[in-house]
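Peer 1: All chains should be modelled from the sequences, with the hints used to inform the complete structure.
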Amino acid sequence: QDKGVRSLSLAGHVGFDSLPDQLVNKSICQGFCFNILCIGETGIGKSTLMDTLFNTNFENFESSHFEPQVKLRAQTYDLQESNVRLRLTVVNTVGFGDQMNKQESYQPVVDYIDRQFESYLQEELKIKRSLHNYHDSRVHACLYFISPSGHSLKSLDLVTMKKLDSKVNIIPVIAKADTISKSELHKFKIKIMSELVSNGVQIYQFPLDDETVAKVNTTMNGHLPFAVVGSTEEVSVGNKMVKARQYPWGVVQVENENHCDFVKLREMLICVNMEDLREQTHTRHYELYRRCKLEEMGFKDTDPECKPVSLQQTYEAKRQEFLVELQKREDEMRQMFVQRVKEKEAELKEAERELQSRFEQLKRLHAEEKAALEEKKRLLDEDQSSFGKRKAAAQLLQAQSLTANGKKDKDRKK
Amino acid sequence: MSEAVLPDAVVSPAVGGLYGEKAGGPVLDFSYVGIDAILEQMRRKAMKQGFELNIMVVGQSGLGKSTLMNTLFKSKVSRKSVLATAQEKIPKTVEIKSISHDIEEKGVRMKLTVIDTPGFGDQINNENCWQPIMKFINDQYEAYLQEEININRKKRIPDSRVHCCIYFIPPTGHCLRPLDVEFMRRLSKVVNIVPVIAKADTLTLEERDFFKKKIREELRANGIDVYPQKEFDEDAEDRMINEKIREMIPFAVVGSDQEYQVNGRRLLGRKTKWGTIEVENIAHCEFAYLRDLLIRTHMQNIKDITSSIHYEMYRVRRLNENNTMVAHANGIPEHHLAAHEM
Chain A
1 QDKGVRSLSL
11 AGHVGFDSLP
21 DQLVNKSICQ
31 GFCFNILCIG
41 ETGIGKSTLM
51 DTLFNTNFEN
61 FESSHFEPQV
71 KLRAQTYDLQ
81 ESNVRLRLTV
91 VNTVGFGDQM
101 NKQESYQPVV
111 DYIDRQFESY
121 LQEELKIKRS
131 LHNYHDSRVH
141 ACLYFISPSG
151 HSLKSLDLVT
161 MKKLDSKVNI
171 IPVIAKADTI
181 SKSELHKFKI
191 KIMSELVSNG
201 VQIYQFPLDD
211 ETVAKVNTTM
221 NGHLPFAVVG
231 STEEVSVGNK
241 MVKARQYPWG
251 VVQVENENHC
261 DFVKLREMLI
271 CVNMEDLREQ
281 THTRHYELYR
291 RCKLEEMGFK
301 DTDPECKPVS
311 LQQTYEAKRQ
321 EFLVELQKRE
331 DEMRQMFVQR
341 VKEKEAELKE
351 AERELQSRFE
361 QLKRLHAEEK
371 AALEEKKRLL
381 DEDQSSFGKR
391 KAAAQLLQAQ
401 SLTANGKKDK
411 DRKK
Chain B
1 MSEAVLPDAV
11 VSPAVGGLYG
21 EKAGGPVLDF
31 SYVGIDAILE
41 QMRRKAMKQG
51 FELNIMVVGQ
61 SGLGKSTLMN
71 TLFKSKVSRK
81 SVLATAQEKI
91 PKTVEIKSIS
101 HDIEEKGVRM
111 KLTVIDTPGF
121 GDQINNENCW
131 QPIMKFINDQ
141 YEAYLQEEIN
151 INRKKRIPDS
161 RVHCCIYFIP
171 PTGHCLRPLD
181 VEFMRRLSKV
191 VNIVPVIAKA
201 DTLTLEERDF
211 FKKKIREELR
221 ANGIDVYPQK
231 EFDEDAEDRM
241 INEKIREMIP
251 FAVVGSDQEY
261 QVNGRRLLGR
271 KTKWGTIEVE
281 NIAHCEFAYL
291 RDLLIRTHMQ
301 NIKDITSSIH
311 YEMYRVRRLN
321 ENNTMVAHAN
331 GIPEHHLAAH
341 EM
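First to last, the sequence lines map onto chains A and B. Under the UniProt record's numbering, think of the first position of the first sequence as 1, with each following residue one higher. Under the UniProt record's numbering, think of the first position of the second sequence as 1, with each following residue one higher.
In short, the hints are calculated from the structure, not lab data. Careful, some of the hints might be misleading.
[What the hints assert, rightly or not] In silico lysine to any residue, SDA-like type, Cα no more than 20 Å apart, as pairs:
#1 B:K45 with A:D210
#2 A:K126 with A:K293
#3 A:K126 with B:E147
[Said to hold, decoys possible] One side of the interface only, derived from the structure: several residues of chain B facing chain A at Cβ under 8 Å:
#4 I38
#5 R43
#6 M47
#7 H101
#8 R153
Glycine included, every Cβ here is placed at the ideal spot set by N, Cα and C.
Peer 2: Below, the structure is given as structure tokens:
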């Protein structure tokens, strides 16, 4: 009881006992949403179990064992039973456990779950939002299919479940339970549960706080993990057609509680706890994701002086910071650019100078050579002219001497 | 990085599904999955959590607000009945006083908060007397918003938002007064208003019909949208039901918490020299319609409209005004800022 609130007794029938009905009617109009994630090795029977659980033939096709990495395939269906409309999304892993190196196998699953939380968070943070129209794709239940080895959990199972237990409600099931005998099954279940506990894996516990269902939930909690068999084929047993698997040595009836825990799984998953699964996803797993995400982005509820800080203030402070940072980076870039331009300019100037000096040098060289050549030419010319003179002089002398000799000769002859 | 999720396919299940037309045997035996059990689960959860309802009553003093509240919830829920401080003076300004009760009926628990507004319309100068009321309503929205944007949120945010405001119109028989029009015009934008004609036993049936028609015309002329608002009708069925209600508002009510013997039965009523007015008799007054609307049929709808429409509008306004402030501070055009840039 809140303080300041007192209890009153009513003197007559007021009529607000119809409130739950009003609420339920509204939900019927809106429809419900449920998302199941099935994790298990290829061929372990995930699709068959879903078909059996919801009594329909979902479109599914066998996947190959040679997927290079784990992928997730999500399919959405609109189902209706009496006046209840359910939008069911079944997400299956493809290629889980097939790779040689399974170290990163859990990552695509974690990423998928986070992505759904993220898109809900984005919608919630929008200014103009429409949460009641929003198609909730967050994973409400995760069925983890354990291989019926009969011994213990594989390390892949432990690693994957440990990574997922704080993000989603995990319900482990033992697949293909018709391959294990009753006594082996009992030992197997105990071993699995003790391994989960000793590794600190928190699986989904059926809630015990409501007296109407506490008893049945407690019993069921003791039967975890459920050993299931799936089948959509019908076999005639007695005078009825039942869903079963026919072997030469007998018929395994899916809905026979002595044969497997299928009915228990259906009861717990759908008939009794569907709403609780949805609520846990929203109030526990989603809130945890939201808290971590917002804290990661730097938001706090109280500042260093422990005064409450509004999201708005923090956001504005962040925005300021971001803008300041942007400005700084812009300045830095501008400075760098200016620097580079200067450097390049200097380089180019240097080159130009060099070129100029070389040009000058060459010019000088040419001039010198030209001068030298001219000098040589002049000398040559001089030589030539002096030689010419000497030649002329010599010729003259020769001519003179010839005529002189000729005269002498003439004289002698006479 | 390669796409790790293959595209969704939305399909309806193949024939032979939940409504399996399988040969031989009743359909339910083989096809029953149990999806409709979720209705029961929801009901259980709602019963466990309990409900909250916050009603505000506004009107001049002496119009019978407290009595009507007591009649509606068949117990002494109004403040006056609880705090029996003898002489209550009419306050000089409008005050807001709320009181909460835990009531239970057939396993359904409800926390009912009745918010009283003594002093409304009682002054000589009544200008702006709606302001404290608007502020109170917006403060509740603000408190809820603050809780919602916390990092560490409470599992269930306490809902103190005003779901419904009952406005008491004095039975003049003529038309709405300026105060009525002003108040309803402003507040119909932020809260669900249900106008009622108080002390309707002073009007004859013809006077009552005339008065109601006049009021409806005036509301229409002033663009006042009272509950159930036309624009929030969801489908044809809703519209049909709500149209019938809209033709009857405002309800002419009489309140009483005294029981009298009438025709061998004990009934709530007002005994006068000329006869006994039976409160729950629809031939005498429309209290039963009001009760059915508020409590038995439309309570959830009233709460939904408050949370998904009025509160959301407040939130949009509030978040946008922060952006405007920041934008003007930085000289950045407003359309660059959007909260989902986070």
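Peer 1: All hints are to be evaluated individually against the structure, with a verdict given for each.
Peer 2: Here is how each hint holds up against the structure:
A C-alpha spacing of about 9 Å is found between B:K45 and A:D210, which places the hinted pair at or below 20 Å, so the restraint holds. Between the alpha carbons of A:K126 and A:K293 the distance comes to roughly 16 Å, so the proposed pair stays at or under 20 Å and holds. For the hint linking A:K126 to B:E147, the alpha-carbon distance of about 16 Å falls within 20 Å, and the restraint holds. At a threshold of 8 Å, the smallest CB-CB gap from B:I38 to chain A is about 5 Å, leaving the interface hint in force.
Below 8 Å, beta-carbon pairs count as interface contacts, and B:R43 has one with chain A at about 5 Å; its hint therefore holds. For B:M47, the interface hint holds, since its Cβ comes within 8 Å of a Cβ in chain A; the closest pair sits about 6 Å apart. Hint status for B:H101 relative to chain A: holds, with the closest Cβ pair at about 5 Å, below 8 Å. Annotation: interface hint on B:R153 holds; nearest CB of chain A at approximately 6 Å, less than 8 Å.
In the structure shown, no violation is registered for any of the earlier numbered hints.
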